[in-house]
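A.B. asks: The residues making up each chain are set out below.
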Amino acid sequence: MTTGNWHEIDAQGLHYRGLNERIREVLNEGSRRIVVKNVCGQRYIGDALGENAEIILEGVPGNDLAAFMDGPRITVRGNAQDGVGNTMNRGEVIIYGDAGDIVGYAMRGGRIFVKGDVGYRVGIHMKAYKEFFPVVVVGGGARDFLGEYMAGGLLVVLGMNREEVAGDFIGTGMHGGQMFLRGEVDPRRLGKEVKIGKVTSSDTKLLKKHVGDFCAYFGFDLEKILKKPFTKIYPYSHRPYGTIYAY
Amino acid sequence: MGVWGSAQRTEKDISGCGIVGIMNERGDAFSGESIAVSICTMMERGNGLGAGFAGYGIYPDFKDYWCFHVMYQEEKAREAVEEYLAKRFVLKHQGPIPTNTVRALRSVPLLWRYFFDVRNEVKDAAGEEDYIVECLMEINRNIAGAFVFSSGKNMGIFKGAGNPDEIADFYRISDYSGYLWTAHNRFPTNTPGWWGGAHPFGILNWSVVHNGEISSYGVNRRYLEGFGYYCSLSTDTEVMAYLFDLLVRRHGFSFDVVGKIVASSFWSQIERIEDADERAFLRALRLVYGSALVNGPFAVIVANANYMVGLNDRIKLRPLVAARRGDYLYISSEEAAIRMVSNDLDCVWMPTAGEPTIGRLQDGEA
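Residue numbers (my numbering), protein chains in the order written: chain A, 38 to 284; chain B, 114 to 479.
What the hints contain is simulated information worked out from the structure, not anything from laboratory work.
Any given hint could be a false lead.
Partial selection, computed: residues in chain B whose CB lies under 10 Å from chain A [as the list claims (entries may be wrong)]:
no., residue
1, Thr154
2, Gly208
3, Pro209
4, Thr212
5, Lys236
6, Gly240
7, Asp243
8, Tyr342
9, Leu360
10, Lys429
11, Asn456
12, Met463
13, Gln475
Restricting the straight-line Cα-Cα distance to at most 20 Å, the calculated cross-link-like pairs of lysine to any residue (SDA-like) are [what the hints assert, rightly or not]:
no., chain 1, residue 1, chain 2, residue 2
14, A, Lys229, B, Val361
15, A, Lys246, A, Arg127
16, A, Lys229, B, Ala199
17, A, Lys229, B, Ala397
18, A, Lys229, B, Asn267
19, A, Lys229, B, Arg216
Between beta-carbon pairs, the in silico distance windows are [said to hold, decoys possible]:
no., chain 1, residue 1, chain 2, residue 2, range
20, A, His52, B, Leu223, 44 to 50 Å
21, B, Ala389, A, Lys261, 36 to 42 Å
22, A, Glu95, B, Ala389, 36 to 42 Å
23, B, Glu251, A, His52, 43 to 49 Å
24, B, Glu251, A, Glu221, 57 to 63 Å
Just so it is clear, CB atoms sit at the ideal spot from N, CA and C, and this is done for glycine as well.
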């Protein structure tokens, strides 16, 4: 069904295979704007899609949303579950609610914006290479093991309406990339492999760009958000376990 | 005891079990259909080697009688168990558990249920529950081809090797009404998929559905043996059922304290706590109950007649989501499984590692 130039798909009663096949069909027919209604738990939506398409999801998509995704912009009008952007390469995911554990798992490129809170191990093993630079911006708070084994890219947590911006063991095993957490961070919450650094002017420029886009999507005031200083967290070494495994 | 019809798999798919629980805290009964619809939303979390349901308040006509659900590999085992039960209990009612034929299911055992009372002299000795535990342990250990898989009052566990839709259809789950239901969709990784190994696991009124694996199984098992619990079911989850029975029923702890024992904080986190009394208490718990710490990734939903409790491991290696709507509490591996049966929720949240999510029956026993 087509309304305006938006193609509508009803996901009610569809298994993930059927739903993802339907989305591919619609893209192959030439549509670039898709609204999926009544999404409830279907996994792998947007999996490996390469088109520059707009996809709006109404409901709660299942695990591994936008896994290996390579182009589209997915907007979720609801909460997302675990594994958003697993090994994602290009494109954007915009989530109006909360997201679960391991957001941005092994992400290689593209951007993820979450308006609400996120779960455990967000940004685990994100990585960057040349022009590929993954970005995750979270409006609410994050739980333990934020940026675990992170190897590259940018992780920003704004901690709006919360006392603690993140949980314990921040950056455990981190060996690349950087994190910016808004407000103070108790150093006892840090993993052994990271330290707190000074926010430089080039950091501020980077933050303005991505937090600015976050504000544009969700309707926040950038100036107000930037008033509260950020804590920069980065790794001591790019090979923290080098002496353990190599002789 | 053999592991009947166990399916051995060599390949491993990437997935994890699915669990869900729905409780009406006012005690209003609802059909088992919702729990079946809910667990089937998470079909990908299992692989057809196990599914099951626990329902509370489902036997109102026999609510004061103990009820054993027993699976038998053969008629001979049934005769032996019935002879055993007749000697020790006063039988009220017995019969086959009603089932539908589901062609996809394999190695279906004989399934019977027994409603009974203990003899007066046992009642007078005030050790009724321990006596029930002793008897079911004896059956499960000593009568070949027999397995008691449900042993509470006004509750029942229904489970087998199959997909959740098949098992729900097989046991006619939607024909029962209860105020608290839990369900499981199994993806066995370390232990065989067989009818008795499916979840929920139960002892007395306790039932447990579990996603994950218990790396501390050996330590927990040896610890529990010291208190008369014998693990014989080829699945790590049974230690969780026995630990809850030991810590809550016998040692009298609240669920909050049980959470601090089985999913304790790290020493570094305990040392940071400012309140000296609380710090000392948490240290003492770790020292005294070190062998009851459950290590490894897990998410469980534990239930009894009055409570439904969700709990994660100490670093949250398995998913758990909770939600409320009116008198209903929902706990699930995935939010979608809750939304499928109740989209208009008052609140949804992800419980933190080691933090119990507790549903309590109003006017139930504390």
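A.B. asks: Each hint should be assessed against the structure and marked as holding or not.
C.D. replies: Each hint tested on the structure:
For Thr154(B), the shortest C-beta to C-beta distance to chain A is roughly 5 Å, which falls under 10 Å, so the interface hint holds. The beta carbon of Gly208(B) comes no nearer than 37 Å to any beta carbon in chain A, farther than 10 Å, and the hint placing it at the interface is violated. The beta carbon of Pro209(B) is not positioned within 10 Å of any beta carbon in chain A (closest approach about 35 Å), and the interface hint is therefore violated. Checking Thr212(B) against chain A by beta carbon gives a least distance of about 27 Å; that is not within 10 Å, so the hint is violated.
The criterion of a C-beta within 10 Å of any C-beta in chain A is not met by Lys236(B), whose closest approach is roughly 48 Å, and the hint is violated. Against a cut-off of 10 Å between C-beta atoms, the interface hint on Gly240(B) is violated, since the closest Cβ of chain A lies about 43 Å away. The closest approach between the C-beta of Asp243(B) and any C-beta of chain A is roughly 40 Å, which is over the 10 Å cut-off, so the hint fails. The interface hint given for Tyr342(B) is broken, as the beta carbon of that residue sits about 32 Å from the closest beta carbon of chain A, more than 10 Å.
Nearest Cβ of chain A to the Cβ of Leu360(B): about 25 Å, over the 10 Å cut. The hint is violated. The interface hint given for Lys429(B) holds, since its Cβ lies 5 Å from the closest Cβ of chain A, which is under the 10 Å cut-off. Proximity of Asn456(B) to chain A holds as hinted, the smallest CB-CB distance being about 8 Å (cut-off 10 Å). Hint status for Met463(B) relative to chain A: holds, with the closest Cβ pair at about 6 Å, below 10 Å.
With a cut of 10 Å, the hint placing Gln475(B) at the interface with chain A is violated, because the nearest CB-to-CB distance is about 29 Å. A distance of roughly 37 Å separates the Cα atoms of Lys229(A) and Val361(B); the hinted pair therefore is violated under the 20 Å criterion. For a cut-off of 20 Å, the pair hint linking Lys246(A) to Arg127(A) stands: about 17 Å separates their Cα positions. The suggested pairing of Lys229(A) with Ala199(B) is violated, with an alpha-carbon distance near 63 Å, which exceeds 20 Å.
Taking the CA atoms of Lys229(A) and Ala397(B), the gap is near 27 Å; set against the 20 Å cutoff, the hint is violated. For the hint linking Lys229(A) to Asn267(B), the alpha-carbon distance of about 52 Å lies beyond 20 Å, and the restraint is violated. Of the supplied pair hints, the one linking Lys229(A) and Arg216(B) is violated, its CA atoms being roughly 55 Å apart against a limit of 20 Å. His52(A) and Leu223(B) have their C-beta atoms about 35 Å apart, which leaves the hinted 44 to 50 Å range violated.
The beta-carbon spacing between Ala389(B) and Lys261(A), approximately 40 Å, falls within the hinted interval of 36 to 42 Å. Taken as a hint, the range 36 to 42 Å is violated for the pair Glu95(A) and Ala389(B), whose Cβ atoms sit roughly 51 Å apart. Separation of Glu251(B) from His52(A) is about 46 Å and conforms to the stated range, judged on CB atoms against 43 to 49 Å. In this structure the supplied range 57 to 63 Å holds for Glu251(B) paired with Glu221(A), their Cβ-Cβ distance being about 60 Å.
Consistency note: the structure conflicts with the earlier hints numbered 2, 3, 4, 5, 6, 7, 8, 9, 13, 14, 16, 17, 18, 19, 20, 22.
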